[in-house]
Amino acid sequence: MRSLNPDTTKTMKSARLRVWRGTAPENGRYQEFDVPFEDGDSVLDALVRIRMTDDPDLAFQFSCFNANVCKECAMLINGTVEYACIAKLIAGTIQVDPIPDQRILRDLLIDTREREQKGADLRRQMRSIAKDGI
Amino acid sequence: MEDVIALETDVLIVGAGAAGMFAAVSAARHGAQVTLLDKNVVGRGGATIMAQMTCAAALGEVETDSPELHLKDTLEAGRGLCNESLSALLCEGSPKRIRELAGWKVDWARQKNGRINQVKAPGHSRKRCVYVDFLSTGAAICAALRLEIANDAAVRTLSQVTLTDVVVRDGEVIGAVGFDIATSTPVTIKTPVVILCSGGMMKMFRRSTAPNNNAGEGLGIALRAGARLIDIEFLQFYPNGHLAPRMVGLDPTTWEPTRVKLGGRLLNARGEEFLSNYGEAADGDYSTTRDMLTYAIYKEVESGRGSPHGGVYLSFQHIDQQALTDALGPVLGIFARNNIDLTKQPVEVFPIAHYQMGGIEVDTDMRSCVPGLYAAGEITGGANGANRLSGNALPEAMVFGERAGEAAARYAARKVVPRWDGSAAAPHLDLIRSVIGRNGGRGAAPARMMTELKELMWKKVGAFRNAGDLADAFERIRAMRRRGLDDLSVSAERIHNASLVEWFELRNGLHAAEAVAIAALNRRESRGAHQRDDCPQMRAEYQRNQRIWLSAGELVSSFRDHE
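So the sequence lines, in the order shown, correspond to chains A and B. The numbering used here applies: residue 1 is where the first sequence begins, and numbers increase by one. The numbering used here applies: residue 1 is where the second sequence begins, and numbers increase by one.
Just chain A, with the same shape it has in the complex (with noise of 0.2 Å):
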């Protein structure tokens, strides 16, 4: 038997988050929150702490909660498109945005319901042309 005991020393370090606000991209600012993780945890652990905590209006979306499967915490982090469910936290400042060039609900949320309709209407479109030759 190898290693049976892996190392449960437990260190809080912090991270400080910038964390874009706003409703349209032209009246935007960054609020900053300095948040305590352990090792392992991710960005979307720390928004959650950040609601829990200091904002409870601090806008952003999951579902499944850090298994990377519902794909809906998808923003911008340290300039890089990512999910903030699998984005690991580290001890200095990280900086968040929403998406780029996408209609802005407000902070992190962007509103995926316009590309969601105008996919569903692209997909029809193509159908009926399938079906009916144009």
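Certain hints may be false.
[Unchecked claim] Okay, the calculated bits of chain B under chain A, using three or more residues with CB under 8 Å as the criterion: (1) 35-47; (2) 67-80; (3) 131-144; (4) 453-465; (5) 472-479.
None of these hints come from the bench; they were simulated from the model. Backbone N, C-alpha and C define an ideal beta-carbon position, used for all residues, glycine too.
Got chain A sorted already, so can you dock chain B onto it with the hints?
For chain B alone, coordinates are given in the frame of chain A:
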């Protein structure tokens, strides 16, 4: 901003996992104009997308099988409490839905001869479980269904809309009320029929595999509309839920399929395998059902032989790197990103709240006792009795969803469309408006109460229960529902108000939590997934279903047969 968003539809479906999406496709196929809404994104929220591997269907592709044999296994696992008609419907209907999904390009894993592959899951007497791969069967099903829905002009989808009440007049459904989460605008939906497919209540436990939107709201909505719940005390705890070290990017249920696939060893703190002490056969065929595994792990920890975080170890250290790579492929990369190296260290696992066996009482057309109110999927009770077999959740969602869609479409076609009754809907709309901005910052946020409730449910209404804890939990939940809820502070924000969403999750979900607590208190025996430390035996006089309904605002329960 509009004051109310007023919609009208033949069939309203609430919740867009496998049950809701199958119901939508089926209702549309039977001529109905359908509205399908989800609190999250249609086809992405809900539990289906999180389903990892097994889906049971007596296809007989690998060895001889039949729906009758599947039924026999299902009834045995249900420990005498299954509604046999519903279980039979599940077992008979599953093969058809699997073939249908294959036609919709779900890429079922195949044998070398090209036929669908099937493997044996615990509790099944045959190789019966189909899968896409060992971690993303649910995601593949959702992707196929999303496309079917998007291509169907008769189905209107609404993401980020939550239902708060079904509107009932003279005992019949005439519509529903909710709100658009993006704008907090109240929504009315005039419809003769509502199908609730919003899943279970398992989010209400601190340790849970449930998605964030499974708060049991459908149960509260159904109770207030006049429907009955059946056997709601039976909740399944998944035995090998991930515990430590911190792992993200994978479902906490990852370890059970991984254990079975690779031959992982469950060990106590002394490094001893212990399952054989609790009845698992020595040949390691992984036949132990979920309720027995959960029991074994709990008892091992209770006896002081637990791991540092209070679970047991799952070790793959006897398997070499190459074998791990061959079996797990890219999943090893996810483990590595979480600093988990299975050749060097075991992980810690412990049971985790997973699935709701009990639920809304329905007949084989998925009708509740309220005309116009249907339900399908995890939210229903009966098909799985006291313990669900691995692989029976997906077919339950698909078969019942399809059935509900057809039955609801037929009901809607027969029904003279009821006149919308503003006075019946008004109290529900007034409530939504009155909750926005309530108590303006004086009082705790709903998220606080949610956290307390999850802790309470985990500690006192969990996998092992006793009368004292259950009575405490029941009283506390009842107080939260009757008084605590009114004191919570809800934000006045209009655009995506998370505290408003959570307030309604609590308002409806507390009914579900309270129902579980009282039902578990009433069932003074241990059976399947309901284990009472103070009543450890299964008792013949409790081989009966327990029903719960609301009477004058309070829950009433009975073990008597209905009708």
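We went through each hint and held it up to the structure:
| no. | hint | result |
| --- | --- | --- |
| 1 | 35-47 | holds (count 6) |
| 2 | 67-80 | violated (count 0) |
| 3 | 131-144 | holds (count 3) |
| 4 | 453-465 | violated (count 0) |
| 5 | 472-479 | violated (count 0) |
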